[in-house]
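Start from the sequences, fold in the hints, and give me the full structure.
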Amino acid sequence: MEFRKEVEVSKVLVGGKVDESVVEVRYDPLTLQTSRIVKKDFPIQSGDFEEEIISTKSWCPFCSERIEQMAARDPEIMQGELWKRGEAILFSNLMPYSKYSLVIRITEAHFVKLSEFKAEHFVDAFRLIQDYIKKIPEGKYYITIGMNYLKPAGSSIMHPHVQVMISDISTDYFARLDWSALEFMESNGTDYWQKLVEVEREGERYIGKTEKTEWLAAFAPKGFFHFMAVPEEKEFANMSLEQLKGISEGIVKVLKYYERKNLNSFNFTLYCADRLGEHFRTNFHIVARTPFGKYYWCDVFYPKMLHDESVVFFLPEDYAGEIKEVWEEL
Numbered sequence: 000m001e002f003r004k005e006v007e008v009s010k011v012l013v014g015g016k017v018d019e020s021v022v023e024v025r026y027d028p029l030t031l032q033t034s035r036i037v038k039k040d041f042p043i044q045s046g047d048f049e050e051e052i053i054s055t056k057s058w059c060p061f062c063s064e065r066i067e068q069m070a071a072r073d074p075e076i077m078q079g080e081l082w083k084r085g086e087a088i089l090f091s092n093l094m095p096y097s098k099y100s101l102v103i104r105i106t107e108a109h110f111v112k113l114s115e116f117k118a119e120h121f122v123d124a125f126r127l128i129q130d131y132i133k134k135i136p137e138g139k140y141y142i143t144i145g146m147n148y149l150k151p152a153g154s155s156i157m158h159p160h161v162q163v164m165i166s167d168i169s170t171d172y173f174a175r176l177d178w179s180a181l182e183f184m185e186s187n188g189t190d191y192w193q194k195l196v197e198v199e200r201e202g203e204r205y206i207g208k209t210e211k212t213e214w215l216a217a218f219a220p221k222g223f224f225h226f227m228a229v230p231e232e233k234e235f236a237n238m239s240l241e242q243l244k245g246i247s248e249g250i251v252k253v254l255k256y257y258e259r260k261n262l263n264s265f266n267f268t269l270y271c272a273d274r275l276g277e278h279f280r281t282n283f284h285i286v287a288r289t290p291f292g293k294y295y296w297c298d299v300f301y302p303k304m305l306h307d308e309s310v311v312f313f314l315p316e317d318y319a320g321e322i323k324e325v326w327e328e329l
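First residue of the sequence shown: 0, per numbering that gives the first Met the number 0; consecutive thereafter.
Since the hints were made in silico from the structure, they are not lab data. For clarity, every value in this text was computed on a predicted model and none was experimentally measured. One or more hints might be untrue.
Unchecked claim - Mimicking DSSO-like on lysine-lysine, the simulated pairs with C-alpha atoms at most 27 Å apart in a straight line are:
#1 211 <-> 83
#2 112 <-> 293
#3 211 <-> 221
#4 83 <-> 117
Said to hold, decoys possible - Have a look at the derived ranges for each label pair, beta carbon to beta carbon:
#5 293 <-> 197: 31 to 37 Å
#6 95 <-> 174: 15 to 21 Å
#7 49 <-> 74: 38 to 44 Å
#8 294 <-> 85: 31 to 37 Å
Using N, Cα and C, we set each Cβ at its ideal position, and we do this for glycine too.
Shown next, in the form of structure tokens:
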């Protein structure tokens, strides 16, 4: 396993002085996909958007007073019913991205600060997803679970919700993970993620553990403050309650850390190992997005959209050390 990076130095004349900027190009140890880290101080400021919270709540289809009437229904697996557990409600995606495309409303509250998310919000959602996966027909599927929170993360609805894609056809990146992981297993006799944790455990990007789950900062980040989790149990649908709690408790810790950094928007995804084979292990990734406010800006630039290369301003080793110091108190 190689943690490969290359460095470029850019010189810019500013106010009569030459300013040098260091750019690191890092290669993902599994897929070799590159990320570009521009080492610059970047002030993070979160803005006020109370007016939008109020205005969007007036029409939100995920709020309790509307969801029963407005939620799209699944006629096949769920037979037109809504599945519920705690505050979580599972229903079909009105704009499906795949053969089986789902949404889970995870909180009754229309807006939740990052520090107000609770582990049970995610545990209840994950258990509903498990119930659904166990009922889909036999065959190979690519299963991903994701969340966009607030507009900078691409969410059109403020109300906290998780999405599920279950497809015969993988997304482009999932396909890269799949075949790269198979090659790694054939060459090393173990799955990539288990080996990654073994190598990183004593290093500067390793953060700590929650129940049955280990956490680290990604070497080649795909977004701001990119953290990842490696569960002990492989397949999502068969994960124990303890395993789901471990993943969920870690998510809550990361979100509290984000809020301390004046961040309020994020994306996460789970690439599920179900039905893929021994070479693959379910793995979780979360990135922060630029803070939402009245004048927020997008952090996905042309290198990501058209070159498939992420650009970030923060070193994984720096923020891994920072969150590690407070991991137990989060």
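Going through the hints against the structure:
1. 211 <-> 83: OK: residue 211 and residue 83 at ~26 Å, within 27 Å.
2. 112 <-> 293: Answer holds: residue 112 to residue 293 is near 16 Å, not above 27 Å.
3. 211 <-> 221: holds (25 Å)
4. 83 <-> 117: Satisfied, since the Cα-Cα distance of roughly 17 Å is no more than 27 Å.
5. 293 <-> 197: 31 to 37 Å: Between residue 293 and residue 197, where Cβ atoms are some 46 Å apart, the hint is violated.
6. 95 <-> 174: 15 to 21 Å: holds (20 Å)
7. 49 <-> 74: 38 to 44 Å: holds (39 Å)
8. 294 <-> 85: 31 to 37 Å: holds (36 Å)
In this structure, only the earlier hint numbered 5 is contradicted, and the remaining ones agree with it.
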